[in-house]
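2 protein chains.
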Amino acid sequence: MSNKYKEYQSKMREIADINHAAAVLGWDQEVNLPEKANQIRSQQLATVAGIAHEKFTSDEMGVLLEDLKEDENLDAKEKRNIKLTKKSYDRNTKLPKSFVQEMSGAISESYFAWHKAKDENNFAHYAPKLERLIEFKKKQISYLGVEDHPYDTLLDEYEPEAKTADLEVLFKEVKENLVPFVKQISEAEQVYDAFMFKHFDKDQQWKYSLDLLADIGYDFKAGRQDVSAHPFTTSFGSQDVRVTTRISEENLNEMIWSCIHEGGHALYEQGLPVEEYGLPSGSAISLGIHESQSRLWENNVGRSLPFWKAHYSKIQNAFPEQLKSVDAEGFYKAMNKVEPSLIRTAADELTYHFHVMIRFEIEKAIIEEKVKVKDLPELWNSKYKDYLNVDVPNDSEGVLQDIHWSHGSFGYFPTYSLGSFYAVQFYNQAKKEIPGLEGKIEAGDCSAMLNWLRENIHQYGQQYSADELCMKITGEKLNFKHFMDYAKDKYSGIYGL
Amino acid sequence: MSNKYKEYQSKMREIADINHAAAVLGWDQEVNLPEKANQIRSQQLATVAGIAHEKFTSDEMGVLLEDLKEDENLDAKEKRNIKLTKKSYDRNTKLPKSFVQEMSGAISESYFAWHKAKDENNFAHYAPKLERLIEFKKKQISYLGVEDHPYDTLLDEYEPEAKTADLEVLFKEVKENLVPFVKQISEAEQVYDAFMFKHFDKDQQWKYSLDLLADIGYDFKAGRQDVSAHPFTTSFGSQDVRVTTRISEENLNEMIWSCIHEGGHALYEQGLPVEEYGLPSGSAISLGIHESQSRLWENNVGRSLPFWKAHYSKIQNAFPEQLKSVDAEGFYKAMNKVEPSLIRTAADELTYHFHVMIRFEIEKAIIEEKVKVKDLPELWNSKYKDYLNVDVPNDSEGVLQDIHWSHGSFGYFPTYSLGSFYAVQFYNQAKKEIPGLEGKIEAGDCSAMLNWLRENIHQYGQQYSADELCMKITGEKLNFKHFMDYAKDKYSGIYGL
Chain A
6 MSNKYKEYQS
16 KMREIADINH
26 AAAVLGWDQE
36 VNLPEKANQI
46 RSQQLATVAG
56 IAHEKFTSDE
66 MGVLLEDLKE
76 DENLDAKEKR
86 NIKLTKKSYD
96 RNTKLPKSFV
106 QEMSGAISES
116 YFAWHKAKDE
126 NNFAHYAPKL
136 ERLIEFKKKQ
146 ISYLGVEDHP
156 YDTLLDEYEP
166 EAKTADLEVL
176 FKEVKENLVP
186 FVKQISEAEQ
196 VYDAFMFKHF
206 DKDQQWKYSL
216 DLLADIGYDF
226 KAGRQDVSAH
236 PFTTSFGSQD
246 VRVTTRISEE
256 NLNEMIWSCI
266 HEGGHALYEQ
276 GLPVEEYGLP
286 SGSAISLGIH
296 ESQSRLWENN
306 VGRSLPFWKA
316 HYSKIQNAFP
326 EQLKSVDAEG
336 FYKAMNKVEP
346 SLIRTAADEL
356 TYHFHVMIRF
366 EIEKAIIEEK
376 VKVKDLPELW
386 NSKYKDYLNV
396 DVPNDSEGVL
406 QDIHWSHGSF
416 GYFPTYSLGS
426 FYAVQFYNQA
436 KKEIPGLEGK
446 IEAGDCSAML
456 NWLRENIHQY
466 GQQYSADELC
476 MKITGEKLNF
486 KHFMDYAKDK
496 YSGIYGL
Chain B
6 MSNKYKEYQS
16 KMREIADINH
26 AAAVLGWDQE
36 VNLPEKANQI
46 RSQQLATVAG
56 IAHEKFTSDE
66 MGVLLEDLKE
76 DENLDAKEKR
86 NIKLTKKSYD
96 RNTKLPKSFV
106 QEMSGAISES
116 YFAWHKAKDE
126 NNFAHYAPKL
136 ERLIEFKKKQ
146 ISYLGVEDHP
156 YDTLLDEYEP
166 EAKTADLEVL
176 FKEVKENLVP
186 FVKQISEAEQ
196 VYDAFMFKHF
206 DKDQQWKYSL
216 DLLADIGYDF
226 KAGRQDVSAH
236 PFTTSFGSQD
246 VRVTTRISEE
256 NLNEMIWSCI
266 HEGGHALYEQ
276 GLPVEEYGLP
286 SGSAISLGIH
296 ESQSRLWENN
306 VGRSLPFWKA
316 HYSKIQNAFP
326 EQLKSVDAEG
336 FYKAMNKVEP
346 SLIRTAADEL
356 TYHFHVMIRF
366 EIEKAIIEEK
376 VKVKDLPELW
386 NSKYKDYLNV
396 DVPNDSEGVL
406 QDIHWSHGSF
416 GYFPTYSLGS
426 FYAVQFYNQA
436 KKEIPGLEGK
446 IEAGDCSAML
456 NWLRENIHQY
466 GQQYSADELC
476 MKITGEKLNF
486 KHFMDYAKDK
496 YSGIYGL
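Same order as they appear, the protein sequences are chains A and B.
Each residue of the first sequence is one higher than the one before, counting from 6 in the numbering used here.
Each residue of the second sequence is one higher than the one before, counting from 6 in the numbering used here.
Simulated from the structure, these hints should not be mistaken for laboratory data.
Be careful, since some hints might not be right.
Treat identical chains as interchangeable: a pair holds within one or across any two.
Dumping the calculated PhoX-like pairs for lysine-lysine here, alpha-carbon to alpha-carbon at most 25 Å [stated by the list, open to error]:
1) Lys60 with Lys102
2) Lys41 with Lys212
3) Lys212 with Lys477
4) Lys226 with Lys207
5) Lys102 with Lys16
6) Lys60 with Lys16
7) Lys180 with Lys342
8) Lys41 with Lys16
9) Lys102 with Lys11
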């Protein structure tokens, strides 16, 4: 290994240490923070994150990357690390410091205005701040440069190399295929899920959640679970990947899906190669691929009949009263109930993508300057009527429901759908390659599934792009047909279509 | 405020943010860390602490302090901040970087050797590493410089301005007064404390411990309690001061004393002025003064009859079976049992100081080159026989019992005794100044005590040295007579002398 590359490695690891320290501060803020400490903790977090940013964007780092870019002695993995790091360096250094500071201020203002607007159902309070933030995002696009479509520049931050044109094709298929299928489901006889909303004791749920995480292969020696208001996964290196869950005593779904979903994210992080710590080759590919891991466990494994044939007796034993008249199949049907609704985060596996599609269409319209901020609520509501056939009663449950825009996260939403679609395509491939996969899952053994993901996805870090990885594993690019076939097959069974 | 001083403030606050981030990492390591994460966490901690050190010892900081040292426009508090920061800067920069790195390596080796030696009761395994570390400490002294006694230079790190000569006088008084008094006690009829060692349920103790902390005034909105192997207090700023406790189901003392002791430390940190964050004026004076705060709550309040007259019914209600035949006075006597023993951390309020005295005498002998490392066990054992009249059965429970020397912490132990002696002197003064203080405590109200500490000690940070503070509050320097009078009065009562 060249000395320059070693220097690069050691700098990247130092920066990773600092970023992970910031992540520990962030985790602790969500899980443990006493109420008076909010302000000082935010300041400490900003200081530590600022130091990592300063080190990463230093001239020294720039020179080093410039030198290494030309180094022909690097092997393929090393070359790709340099290429990706250089891309990220450029992205970070193209923005003038004063611009970054001003945008950071605009984000704070927009976030607080959004919070208040949502609480008070008053979009007008938020609109001017959002408008200002959108101007910053457009300026950001112009600093970073545009190849095909300006929205690509935003997408790239979350889903490197993703293209607006491809997403347009993808969501066109969603519209043409999934929308009519959901209509068909909504006209069929509905599944029974009232027992999911009985009273479920918190401590009993907590105990069960630990079992559930262990059952999918989460390593408690390299992580821990805690409770927080919003479930999340955070990594301080692959030996310490933590998840949080949310428990509702009136809705059993909350704990089950936050556990398996965050567990899926965590399995990816725990599977990244320790020896590539701090480098692209030791990091997740994209939000879409990350989401494919959480959704594969959540939807393809966790919402499947084989999984609950193996695990239902455990949860039934934990809640014998509440579940006494329900069998594994009834439980499976209840958790797969399809029902158009207002709130994205509570949506089922199918209508979820309509929520994403609406946001994608609106974000694109914003960037293409085809809609004004003041007209967003109307546009939002009409799309909810068109695609989901629901009437939005107020903006708090409509256009104000998500935090993302208030943080300046435009281009993030599509990764949620990409994740689910990748998940089906990967899962189908795993079924082909692992003899009797669903039989193993039905026998309570998820290890073959996890090992397949470790081997085909986790071990590579960012050595392949999302596209390349999908091609390498499945022999084709992302193809919505797989998701649609899966949906038709599964839900035709559940709804007797 | 001058611009240079503002610059100094902002640099110090940035460094405090980084140091507090390291403290969060350290707290999490003791309280939450999954077992596979040890190595990566140590690395992350070292990186973050290294950045704080680098920033603090930068040439830029040196120039700034040099300039500010001459600034006549600063007020008294500002001047003192600069003076103390400059002292610390000099202390940190006088040591060559290579020396610091080599000593850090020697400490690691010595720590691991100590751990193994203690486990295997094999002092010989540790001796060469300790010997090497002592050579480093002597070299450190020569880098830092000596005024009166070389041991002063070590003391200064923990107890600024403390002098070996004063400690010699102090421990001479301990020897002349406390040793014969303890002998007198040991010949009297012993107190009954067997009920302290019944079975006490962990969860029940935990619940009680939260009450106990709240009862002395600990603010749970600016901190939290967790469980750890060794109880400790850590601060991330005065709005977030955390304590940990240790609970033994076979010994009720563990929880009570770790709670009140760490609670006392935490009350000091919670009382430091928020607006002086990151500056000497927002930090604790010395380990001795810090210990005075923990010991005042532990010994003068927590081991007093008035306190338990107010609180005994609570603990009796928590453990009705175990405590049914014990009254508040019996409980008070049990917790004040005096019994010479082997282990410092388990010692009572009086014999504790013999443990410290022995360590002080040995450390001084080491620095004065009057004892060789290989002869330490023999010296240790003979002093335990002389002062405590106990036979040391093995080195693990003798010279190997404490972690301090293995970490290179020479000069630390005396601060434990200083703390207890200051505590009595402060508490006596508080009794003079607060009408009916013990009556208030007996009525379950500790707030007058806490307010007095806030007002007389906490609010000043390091605006006074330990000596100055003691003089300001009590009108005289630290005087062992106060402790001795307190001991005679209290224990004559308990032992009917």
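Verification of the supplied hints:
| no. | hint | verdict |
| --- | --- | --- |
| 1 | Lys60 with Lys102 | both (14 Å within a copy, 21 Å between copies) |
| 2 | Lys41 with Lys212 | between (30 Å within a copy, 22 Å between copies) |
| 3 | Lys212 with Lys477 | neither (39 Å within a copy, 56 Å between copies) |
| 4 | Lys226 with Lys207 | both (24 Å within a copy, 24 Å between copies) |
| 5 | Lys102 with Lys16 | both (22 Å within a copy, 20 Å between copies) |
| 6 | Lys60 with Lys16 | both (8 Å within a copy, 17 Å between copies) |
| 7 | Lys180 with Lys342 | within (20 Å within a copy, 80 Å between copies) |
| 8 | Lys41 with Lys16 | between (35 Å within a copy, 24 Å between copies) |
| 9 | Lys102 with Lys11 | between (29 Å within a copy, 22 Å between copies) |
Taken one by one, the earlier hints fail for this structure only at number 3.
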